[in-house]
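*Asks:* These are the residues of each chain, in order.
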Amino acid sequence: TQLLEQSPQFLSIQEGENLTVYCNSSSVFSSLQWYRQEPGEGPVLLVTVVTGGEVKKLKRLTFQFGDARKDSSLHITAAQPGDTGLYLCAGVIFGGSNYKLTFGKGTLLTVNP
Amino acid sequence: NAGVTQTPKFQVLKTGQSMTLQCAQDMNHEYMSWYRQDPGMGLRLIHYSVGAGITDQGEVPNGYNVSRSTTEDFPLRLLSAAPSQTSVYFCASRQDSYNEQFFGPGTRLTVL
Numbered sequence: 001t002q003l004l005e006q007s008p009q010f011l012s013i014q015e016g017e018n019l020t021v022y023c024n025s026s027s028v029f030s031s032l033q034w035y036r037q038e039p040g041e042g043p044v045l046l047v048t049v050v051t052g053g054e055v056k057k058l059k060r061l062t063f064q065f066g067d068a069r070k071d072s073s074l075h076i077t078a079a080q081p082g083d084t085g086l087y088l089c090a091g092v093i094f095g096g097s098n099y100k101l102t103f104g105k106g107t108l109l110t111v112n113p
Numbered sequence: 114n115a116g117v118t119q120t121p122k123f124q125v126l127k128t129g130q131s132m133t134l135q136c137a138q139d140m141n142h143e144y145m146s147w148y149r150q151d152p153g154m155g156l157r158l159i160h161y162s163v164g165a166g167i168t169d170q171g172e173v174p175n176g177y178n179v180s181r182s183t184t185e186d187f188p189l190r191l192l193s194a195a196p197s198q199t200s201v202y203f204c205a206s207r208q209d210s211y212n213e214q215f216f217g218p219g220t221r222l223t224v225l
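As given, the protein sequences belong to chains A and B, one line each in that order. Residue 85 in this note's numbering sits at position 85 of the first sequence; the count goes up by one each step and never skips. Residue 169 in this note's numbering sits at position 56 of the second sequence; the count goes up by one each step and never skips.
So that you can see chain A by itself, here it is in the shape it has in the complex:
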């Protein structure tokens, strides 16, 4: 079983602060996905990183895939209350005609005005 450890589990910050969420594993993944989930809704895909060392930016969010494709980070610059939500990372491993998606336990982010 491939395990994904996310940290921190909870994060409460003030508007305008920066933060980083980490996703670590001992397993190598084909790619890694980051989702954001709001209360009462399903997760929504933010980004997929595929290549070791890859960096992707989505407005104030920066996603990085580790060189060895075992870890990833999400950095938010100048957090806004609208960034509040549960952030999930998910590692992808391809096998045959399907792929296995392993989710981390999530980071619950609260951005206070």
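Read the hints as simulated data drawn from the structure, not as lab findings. Check the hints yourself; a few may be wrong.
Said to hold, decoys possible - Which chain B residues face chain A? A few, computed with CB under 7 angstroms, are given here:
id, residue
1, 155
2, 216
3, 219
Said to hold, decoys possible - If the Cβ cut is set under 10 angstroms, some of the chain B residues that face chain A in the computed set are:
id, residue
4, 153
5, 171
6, 177
7, 221
Said to hold, decoys possible - Covered by chain B, according to a simulated footprint, are these stretches of chain A (three or more residues, beta-carbon under 8 angstroms):
id, segment
8, 17-24
9, 38-52
For glycine and all other residues, C-beta sits at the position ideal for the given N, C-alpha and C.
Using the hints, position chain B against chain A.
*Replies:* Below, chain B without anything else, positioned relative to chain A:
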């Protein structure tokens, strides 16, 4: 497009009762999956399907059955509900192995 829809939104069952959680998608996706989400446990895969007539077990399949008679629908059946099945259930679909997975809004199930 409605995307992935799930019914009901909320359900309360007594131990031993059976029920079916409905999931439908209108994107003509081949792949569909059921997950459960529990506090501190993340999302865990229950069953999945790679096309009509084809289903397979995920990480936590015990106590659940699925079938896929059409591309659009992927119902999840609880045979004899237990308190351990209290959870939020999400259905998801994607076109193939390489594309984005879309999640439904979830069904919050409580088993007393």
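*Asks:* If a hint holds in the structure, say so; if it doesn't, say that too.
*Replies:* Tested hints:
no. : hint  : in the structure
1   : 155   : holds, 4 angstroms
2   : 216   : holds, 3 angstroms
3   : 219   : holds, 6 angstroms
4   : 153   : holds, 6 angstroms
5   : 171   : holds, 9 angstroms
6   : 177   : violated, 18 angstroms
7   : 221   : holds, 9 angstroms
8   : 17-24 : violated (count 0)
9   : 38-52 : holds (count 7)
The structure shown violates the earlier hints numbered 6 and 8.
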